[in-house]
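Chemist: Listed below are the residues making up each chain.
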Amino acid sequence: MSRTLTLLSLGLLAAGCCGPDITNVEVTVSEVIPTVATVTWETCEATTGYVAFGPGDDRELRTHTELEPATEHSMTLLGVPANTDGSFEIVVVDDDGAESPGDVGEFTTGGLAPGLPGLEVTGSGMDQYMVLPMLGSPVGLVILDAAGNFLWWHFEDRGLDVYRAMLSVDGESLLYNAASVSGDVSEDSQIMRVSLDGTQVTAIDVPLLAHEFVEHADGTIGAMIVEYVDDGEGGEIKSNGIVEIAPDGTQTQVWSAMDCFDPEVDVGDDQEYGWTFANALDWDGTYYYMSLRNFSTVVQIDPRDGSCGWAFGDVGATITPASGSARFMHSHQFEILDGGFLVFDNDGSIAQESRVLEYAFDPVAGTAEQIWEYTTDPAVWSFVLGDVDRFDNGDTLVTWSVNGLIELVRDDQPVWTMSSNFGSAFGFNTVREDLYAADDHL
Amino acid sequence: MRTIHLAILAPLVGGCQTITMLSDANNFAYTGDIDAPSHETASGVNIEICWDELTDDIQCHEVDPTSDPKLITMARFNNLSEVEVEQQISDDSLDQSSLSGFLTYEIQGGETCAQLEDFTLDGTPVVLSEQYYEGGGTYLLLFGRTNIPGQNIISMDFLVPMESSEVVEVDIGPACATLDFTADLSSAESIELNAGGSSWVVDWGDLTTNGLGNPIALANIDRLLLGYYAGMSVADIEASFLDLELVATDLYYMELFNTFEADLAEATGASGDFSGFDPVDGTWVLALMCTTCSNPAPLFATVIVPQ
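Chains as they are written, first to last, in the working numbering: chain A, 1 to 442; chain B, 1001 to 1307.
Worth double-checking, as some hints may not be accurate.
[What the hints assert, rightly or not] To give a feel for the contact side, a few chain A residues facing chain B, derived at Cβ under 10 angstroms:
1) Pro114
2) Pro117
3) Glu120
4) Gly123
5) Ser124
6) Leu135
7) Gly136
8) Ser137
9) Glu244
10) Asp270
11) Phe383
12) Val402
13) Phe426
By construction, these hints were calculated from the structure, which means they are not laboratory data.
Beta carbons are placed, not taken as given, at the ideal position from N, Cα and C, and that holds for glycine.
Generate coordinates for the entire structure from the input sequences, incorporating the hints supplied.
Modeler: This is the structure:
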């Protein structure tokens, strides 16, 4: 009995010394990307927590909450502009969800890297972040806030281009494609992963990468590739496919354009540059949606069996625009809305002008009727790339990629614009309300 | 709530060192008026472009036409006239959104002629009649020293496709007359630094404008240049400002990254590390450069008066 009491006492004593108190707090600004800081702390008791932070004393930004209780913690702070004094507050979350804030710490971000382009922002109404590939000078990827501040950057200096960049679903890194899609595609193309603090860069070899990739909720990457198919006459057909890269690195081709289209029947434009010439890819959790540039068609793809559902547009289409509706041509990115379809139309205008088209779209009924068109003033021609996003409030974000121009359009007027100086263009635009993955994504 | 200070301390530059703050009043001013030659050609057809006579660049520096040019870019502007393009390049206000198309040609070693029909859209062949035609816009032909369009420009010429023209050959000549550059160092307040010593720290974090009076991109400053010009007055240097690196008696450089200050003691040159302003009878110039910018002018330049 006596011994039992002693053990109990020791247990109580230990519990008394070991609680959720935050100790050994340190903050380090990255030497690679000096706008990024890493906060580490310890707790005697295994806890979860997050960090609220921001410029000055404004700590409205916050990281995601740790998934697993731990005694040693680390969080990366992303979202504070360069050369800015910021503050942070570690918040411990107990099993019941109750939050216990710790002390307030301070940090100062460093300067920008040389070579980032000049950006001019006008207007208001934009409140989203953008993960943007940069083309021209420099080549790389950046994260921008609505004020045009560079929050993060990474340069790609191997002679490959970057067309799509995104935060990974786990919020721990950025992904981008290093590829070349003009002329001959590159055998050396890769999907790249860069840690938030820029210190770790890893690559997945994916030969013949095309413009686009997506990441599934489980971390699987779906990548658009070029494939060369024997035409049966001693030549090759430059076609497209989709390769999935599982989190363990296994690569599996889940779709080929040959599965759904016939090179003898489905013949689009500019065949000398390729048959289908896929140039944009989306994923809704079940289906891929791929834009085929030379078909001027967007097709729904089921990766489970390689079949195709609807195809909207021109060549190979199951749905075409209604009579009187404008037709899109050589389009790039698009967005499938609830009952609608939004597309960046590179070449559909009579003049060399790009535009955005919106259709009332019912794939079940097989109908598509144009309900909106937008062209900037003066009109620009983004002869490649181009992106469009519709926000919940009805605003439309248009990325005129080649022209280094992004517009937030409301009631047919640009209310916010961002433009780059001569020599710098944009790739596809990945828009984020928050730079940290929602906890339910983890 | 207790506040703990965990900020990374800025590197200390020495316990008793004096930091000289550079201000906009110290910065030189310049104008760079561009008047690029125009070449009328036939419209919608192949044009042979030759540059064997491109023997100097827009800064009047010597060019080897067989080895220096690496990339030819033909940029098209739908909504700008030649004068507007020249003006916007001159005052650094040209936006990418003004561009309505561009074709490039990577020069192979030794060649001095190229065919416009071989220009591509970033590697993709184009139908020339859809890209180069009368009424298609203003066409600017740029020769550059790198494979990045718009960087390290050697020359600028306009091509003007005309239905009435039968010209199918264009000769690109010396580019020295394209840029009329005027630098004003003497109106800027010089800075005084100790002639001797072991440390001369300058800080440019307070600069707000460049030599054009436009907002300065401090992040783009990636090189410091310290030059000594024996027997040259400030007026002499102004007169040969584009040759700042060619006419110097001694040159010291520092590569910069992610900083707004530097100790000149860390600058190095052909004669070794910088060790002081000796001799003091010539003129010393401090310049902050952007080596990745298309505009070759320093973002900041000022005269140092050793004390």
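Chemist: Quick check on Asp270 (chain A) please, does its C-beta sit within 10 angstroms of some C-beta on chain B?
Modeler: Interface hint status for Asp270 (chain A): holds (9 angstroms vs cutoff 10 angstroms).
Chemist: Holds or violated: Phe383 (chain A) as interface residue toward chain B, Cβ cutoff 10 angstroms?
Modeler: It holds, given that the least Cβ distance between Phe383 (chain A) and chain B is near 6 angstroms, below 10 angstroms.
Chemist: Interface hint check: Leu135 (chain A), Cβ to nearest Cβ on chain B, cutoff 10 angstroms. Holds or violated?
Modeler: holds (9 angstroms)
Chemist: Hold the hint about Glu120 (chain A) up to the distance rule: shortest CB distance to chain B must be less than 10 angstroms.
Modeler: holds (7 angstroms)
Chemist: May I ask you to test the interface hint for Ser124 (chain A) with respect to chain B, counting a Cβ-Cβ separation under 10 angstroms as satisfied?
Modeler: violated (19 angstroms)
Chemist: Take the shortest C-beta to C-beta distance between Pro114 (chain A) and chain B; is it under 10 angstroms?
Modeler: Given a least distance of 4 angstroms, the restraint on Pro114 (chain A) holds.
Chemist: Given a cut of 10 angstroms on the nearest C-beta pair, is the interface hint for Glu244 (chain A) held or broken against chain B?
Modeler: Cβ of Glu244 (chain A) sits 27 angstroms from chain B, so the hint is violated.
Chemist: Once the shortest beta carbon distance from Val402 (chain A) to chain B is found, is it less than 10 angstroms?
Modeler: Hint on Val402 (chain A): holds, closest Cβ of chain B at ~7 angstroms, below 10 angstroms.
Chemist: Measuring from the C-beta of Pro117 (chain A) to each C-beta in chain B, is the shortest one below 10 angstroms?
Modeler: With Cβ-Cβ at 8 angstroms, under 10 angstroms, it holds.
Chemist: Going by Cβ atoms only, is Ser137 (chain A) closer than 10 angstroms to chain B?
Modeler: holds (5 angstroms)
Chemist: Does Gly123 (chain A) pass the interface hint, meaning its C-beta sits closer than 10 angstroms to a C-beta of chain B?
Modeler: violated (15 angstroms)
Chemist: Using Cβ atoms only, decide whether Gly136 (chain A) comes closer than 10 angstroms to chain B, and label the hint accordingly.
Modeler: holds (6 angstroms)
Checked against the numbered hints given earlier, the structure breaks hints 4, 5 and 9 and satisfies all the rest.
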